[in-house]
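Chemist: Since the structure of chain A is provided, determine the placement of chains B and C on it from the hints.
These protein sequences, in sequence, are chains A, B and C. Sequence positions in the first sequence follow our numbering and run 1 to 239. Sequence positions in the second sequence follow our numbering and run 240 to 569. Sequence positions in the third sequence follow our numbering and run 570 to 947.
These aren't lab readings, by the way, just hints derived from the structure by calculation. Worth double-checking, as some hints may not be accurate.
As the list claims (entries may be wrong) - Under the rule of at most 27 Å between Cα atoms (straight-line distance), these lysine-lysine pairs were calculated in the BS3-like manner:
#, chain 1, residue 1, chain 2, residue 2
1, C, K829, C, K839
2, C, K839, A, K151
3, A, K151, C, K592
Said to hold, decoys possible - A few chain A residues that face chain C, going by a derived Cβ cut-off under 10 Å, partial list only:
#, residue
4, G53
5, A56
6, S60
7, R62
8, R66
9, F102
10, Y124
Source: prediction; values computed, not measured. Built from N, CA and C at the ideal position, the CB exists for glycine as well.
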Amino acid sequence: MIELAQVVKTYSAGLATPYTAVAGVTLDIPGGQLTVLKGPSGSGKTTLLSLIGCMARPTSGRIHLRGLPPGLLPQGADADPLEITSLPERFLTTIRRRTFGFIFQQFNLVRGISVLENVMLPTYPTGEDRETVEARAVTRLEALGMARHLKAPVDRLSGGEAQRVAIARALINDPPVIIADEPTAHLDSRLSAEFMELMGQFKGAGRTLLIASHDPIVHDSPLADLVIVMRDGQVVTAP
Amino acid sequence: MIQHPGVLALLLASGLVTLLVVAAAGLGWQILRHWDQHSGTESQLALERRTYLVSALLSLALGVQVLSLFLFIFTADGLHSQFVGAMCAAGSLAAAPYGYTTLLLKVGTCLLAGAWIVLHRADIRAYDCPLIRPKFGLLLGLAPLVLAETWFQTRYLTGLRADVMTSCCGSLFGQGREGIAAELAGLPPALMHPLFWGSLLAFAVAGGWFLRTRRGALAFSLLGLAFFVIALVALVSVFGLYIYELPTHHCPFCLLHREHGFVGYPLYATLLGGALTALGVGVLSPFRGRTSLASVLPAMQAKLAWTALGCAAVFTLIVGIWALVSPLRL
Amino acid sequence: MRPSLQRHRSVLDFALSSLLRRKGRNLALTAVYTLVVFVLASLVFFVQALKHEAGELLEHAPDMVVQRMVAGRHDPMPASQVDAIREIRGVEEAEARLWGYYYDPVYGGNLTVMASPDPTLLPGSARIGRGVARNMRVAEGDMVPLRGYDGLPLLFTIQQVLAEESELVASDLVLLTPADVRTLFHLPEGLATDLAVKAGNPRELATIAAKIVEKFPDARPILKAEMLRTYEAAFDWRGGLMVVVLSSAILSFIIFAWDKATGLSAEERKEIGILKSIGWESGDVLLLKFWEGAVVSLAAFLGGVLLAYGHVFFFSATLFEHALKGWSVLFPRFRLIPALDAYQLTVLFFLTVLPYTAATLVPCWRAAMADPDSAMRS
Numbered sequence: 001m002i003e004l005a006q007v008v009k010t011y012s013a014g015l016a017t018p019y020t021a022v023a024g025v026t027l028d029i030p031g032g033q034l035t036v037l038k039g040p041s042g043s044g045k046t047t048l049l050s051l052i053g054c055m056a057r058p059t060s061g062r063i064h065l066r067g068l069p070p071g072l073l074p075q076g077a078d079a080d081p082l083e084i085t086s087l088p089e090r091f092l093t094t095i096r097r098r099t100f101g102f103i104f105q106q107f108n109l110v111r112g113i114s115v116l117e118n119v120m121l122p123t124y125p126t127g128e129d130r131e132t133v134e135a136r137a138v139t140r141l142e143a144l145g146m147a148r149h150l151k152a153p154v155d156r157l158s159g160g161e162a163q164r165v166a167i168a169r170a171l172i173n174d175p176p177v178i179i180a181d182e183p184t185a186h187l188d189s190r191l192s193a194e195f196m197e198l199m200g201q202f203k204g205a206g207r208t209l210l211i212a213s214h215d216p217i218v219h220d221s222p223l224a225d226l227v228i229v230m231r232d233g234q235v236v237t238a239p
Numbered sequence: 240m241i242q243h244p245g246v247l248a249l250l251l252a253s254g255l256v257t258l259l260v261v262a263a264a265g266l267g268w269q270i271l272r273h274w275d276q277h278s279g280t281e282s283q284l285a286l287e288r289r290t291y292l293v294s295a296l297l298s299l300a301l302g303v304q305v306l307s308l309f310l311f312i313f314t315a316d317g318l319h320s321q322f323v324g325a326m327c328a329a330g331s332l333a334a335a336p337y338g339y340t341t342l343l344l345k346v347g348t349c350l351l352a353g354a355w356i357v358l359h360r361a362d363i364r365a366y367d368c369p370l371i372r373p374k375f376g377l378l379l380g381l382a383p384l385v386l387a388e389t390w391f392q393t394r395y396l397t398g399l400r401a402d403v404m405t406s407c408c409g410s411l412f413g414q415g416r417e418g419i420a421a422e423l424a425g426l427p428p429a430l431m432h433p434l435f436w437g438s439l440l441a442f443a444v445a446g447g448w449f450l451r452t453r454r455g456a457l458a459f460s461l462l463g464l465a466f467f468v469i470a471l472v473a474l475v476s477v478f479g480l481y482i483y484e485l486p487t488h489h490c491p492f493c494l495l496h497r498e499h500g501f502v503g504y505p506l507y508a509t510l511l512g513g514a515l516t517a518l519g520v521g522v523l524s525p526f527r528g529r530t531s532l533a534s535v536l537p538a539m540q541a542k543l544a545w546t547a548l549g550c551a552a553v554f555t556l557i558v559g560i561w562a563l564v565s566p567l568r569l
Numbered sequence: 570m571r572p573s574l575q576r577h578r579s580v581l582d583f584a585l586s587s588l589l590r591r592k593g594r595n596l597a598l599t600a601v602y603t604l605v606v607f608v609l610a611s612l613v614f615f616v617q618a619l620k621h622e623a624g625e626l627l628e629h630a631p632d633m634v635v636q637r638m639v640a641g642r643h644d645p646m647p648a649s650q651v652d653a654i655r656e657i658r659g660v661e662e663a664e665a666r667l668w669g670y671y672y673d674p675v676y677g678g679n680l681t682v683m684a685s686p687d688p689t690l691l692p693g694s695a696r697i698g699r700g701v702a703r704n705m706r707v708a709e710g711d712m713v714p715l716r717g718y719d720g721l722p723l724l725f726t727i728q729q730v731l732a733e734e735s736e737l738v739a740s741d742l743v744l745l746t747p748a749d750v751r752t753l754f755h756l757p758e759g760l761a762t763d764l765a766v767k768a769g770n771p772r773e774l775a776t777i778a779a780k781i782v783e784k785f786p787d788a789r790p791i792l793k794a795e796m797l798r799t800y801e802a803a804f805d806w807r808g809g810l811m812v813v814v815l816s817s818a819i820l821s822f823i824i825f826a827w828d829k830a831t832g833l834s835a836e837e838r839k840e841i842g843i844l845k846s847i848g849w850e851s852g853d854v855l856l857l858k859f860w861e862g863a864v865v866s867l868a869a870f871l872g873g874v875l876l877a878y879g880h881v882f883f884f885s886a887t888l889f890e891h892a893l894k895g896w897s898v899l900f901p902r903f904r905l906i907p908a909l910d911a912y913q914l915t916v917l918f919f920l921t922v923l924p925y926t927a928a929t930l931v932p933c934w935r936a937a938m939a940d941p942d943s944a945m946r947s
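Next comes chain A alone, as it looks inside the complex (with noise of 0.2 Å):
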């Protein structure tokens, strides 16, 4: 489903010597599986993620998305495979928006404002009908169990229920792809194995999952239908 073909990034802005992330990686993440990035930090796995997911552009290399959902582009950019590299951030975004669904190792959720607002707060630029979006939201946190919290505000939140929240913020635009950079970090056995399962339930319904992590119960769990091991910047295992 995502393509990558050597790519490259290069972080040079503002330091010394430049610092190289990711050095020439090909790879093919298949649709509808679980695949995990396994490596220690530094090995350039949550870049790489970021590059996968439309929030930053490579230095060099292409990747193609395959399988997106049609009418995506309306300017007849349309192309199976699509190819993202060299797309402006207006439309890069507007993919990533549709296509990908983030799950923050700090769940970045935005302070000072309830649960409910910051699981719509993605929807708010695309000028989406208000209501609509609203119980879109609602019926995400209630499967989540996260319905008593709805008005609450998020600092307020534990750890599990936190996380749950940028769960269900992920899900807002119903995204094929669901990227977790690092999710069992801050949380006990026992809620990671509730993630786990939660994965399970989304794998099942046919969304491709890509998970970052160097937790055991991630890389090791039956769900994981490929880890690849990466280590400066690069990719030790293939495929």
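Modeler: Using the frame of chain A, we list chains B and C on its own:
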């Protein structure tokens, strides 16, 4: 110079717009030189971010220019009592050199900035930024125009000298100076009527043709611009007379006064809006061939075309009704 | 609701909540902004109101006043000249006026003494303006001594103190009978101070003035239109002067605003990073910043204008009046008539909101350009 707060506001706004446009042009020059859509390097990303800044700068500049156009006319109007023989803004504009030049340049920069915004809106809807070069080329052309406008406006405003009394000498300004012509030359109605209605017809026909067949955009745009210019002249020469109920009052600015129901506002707004949108259609037409714009442009042009035709309709309606109900008969 | 409209609404909603989440900082900014608008608006309203007043006053002034000049200074006019001017074609009325300045050494202050043709004014009595009454601490029925040209005091009984409405024009006025004026100033019969001329057709005034000068080269005609122009120019000049003086305050405010916009707290930066990471693109974040700025500007502009309106029209611009009205011992006290129009508001907008927007543009843009993946990397 007359140290009126309005004058100071105009000078400030002018300086600001110059700053904004020159900054935008500087950034645009860099973007033009180094733009490479397919590169993913950080410098290219930085350039992409700069385009947001340029568009923000120019949007603000356009907003300020349009407002300052009205402010300029109002300030000139408000100052008219300071000059002997001046009855309204027309007199003030003639009281020092470059008054009318400034006005024309202001309108010109408004139109060009509007054209830029139309190009920009089309550009961002396409996935490969096809209009980067034309856009920033236009910007480099806009910058000197804005500089010229600021210069002329400053010369005009600082050149204004109020005809005030000095303590001991005679104050017979009425004798020393011939009355400042508050009248612009008016063309005869016999000429203007066929010209106006003819160009309106041509414009409407071109509009219908364009909207139906999506062809002839350039012709539509040119006919539209011609119509709005003719409409302006017709307003001063013929239609204004019905509003003033005087066969000799050819002032374009008195329409903005309370006693004429502020009718000048909607009239000039439709003229400016119509000219802007008609120009927009024409500005986009050379790029119909680009693949990435193929699906975007027709819809945009259609919307602009409808707006231009709408403006023409509103204008004609207002002047037509006024001409019918006015007690004046030419 | 159309998507574009709903987009603005949602982003505006978030902008408001964003502003409220950082109350302290935004309140400080809005307060300073409001103050700047207040000061400028007070200035603009006051100047406008003064011009309006001057215009109203001069409504009743004579269209043209003719004075006689000797060696560049004003001298009384002989009756023959008065009669000759009356004969000029186009002159409808020519009234010989009798008046002069009187300096009161006891209480200070220059009074304008004028002859009133009103038959109800008794000889030996005076009608005085409120300013005079205040200054000399007298009221109806009291007696005031005025020193004649020969040093001997003349006593006048106050018959009436002029009404409050006349303050602006008649504050320093003392009305006496023509005979009393002549006695006070030692002006013999046959001499008038100047001439008030009314023309049948006001457009002819300049022509009539020319004829007068032709006939009497020592005459100086002053047209009402010229007086009005001069007043307006003086008020404008003073107003503009104060704006220039205040420009340093405006500049400080701009720098302050720019500083606030650049100095985003870590919390704010993080928030923008989060927004970018969940699907807001740069243009959307710019829109957010735009709405934040618009809300602050609107609040400050409205607040400043309302406060200024109250300040000028209810409190008579206590903060500024001395700079703008001029220096004098006899200060007329008057309530300004509220006069507000779109033009003044536009000028204020240009002098306050525009510089603020321009100053915060680049910092806002810089903030909005955060990398989407910065939220992931932190």
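Chemist: Check the hint pairing A/K151 with C/K592 against an upper bound of 27 Å on the C-alpha distance.
Modeler: Judged against 27 Å, a Cα distance of about 21 Å means the pair holds.
Chemist: Classify the hint on A/S60 as holds or violated, based on whether any CB of chain C lies nearer than 10 Å to its CB.
Modeler: violated, 17 Å
Chemist: Against chain C, is A/Y124 within 10 Å by beta-carbon distance?
Modeler: holds, 4 Å
Chemist: Grab the minimum C-beta distance from A/R66 to chain C and call the hint holds if it beats 10 Å, violated otherwise.
Modeler: Because about 21 Å separates A/R66 from the closest Cβ in chain C, which is outside the 10 Å limit, the hint is violated.
Chemist: Under 10 Å is the threshold here; is the Cβ of A/F102 close enough to any Cβ of chain C for the hint to stand?
Modeler: Status holds, d = 7 Å.
Chemist: Verify the proposed pairing of C/K839 with A/K151, using a straight-line Cα cut of 27 Å.
Modeler: holds, 22 Å
Chemist: With a cut-off of 10 Å, does the beta carbon of A/A56 approach a beta carbon of chain C closely enough for the hint to hold?
Modeler: At 5 Å from the nearest chain C Cβ, A/A56 passes the 10 Å test, so the hint holds.
Chemist: C/K829 and C/K839 were given as a pair; does the straight-line alpha-carbon distance stay at or below 27 Å?
Modeler: holds, 17 Å
Chemist: Per the CB criterion, is A/G53 less than 10 Å away from chain C?
Modeler: Because about 9 Å separates A/G53 from the closest Cβ in chain C, which is inside the 10 Å limit, the hint holds.
Chemist: Less than 10 Å between beta-carbons is the criterion; does A/R62 satisfy it with respect to chain C?
Modeler: violated, 19 Å
In summary, the structure is inconsistent with hints 6, 7, 8 from the numbered list given earlier, while agreeing with the others.
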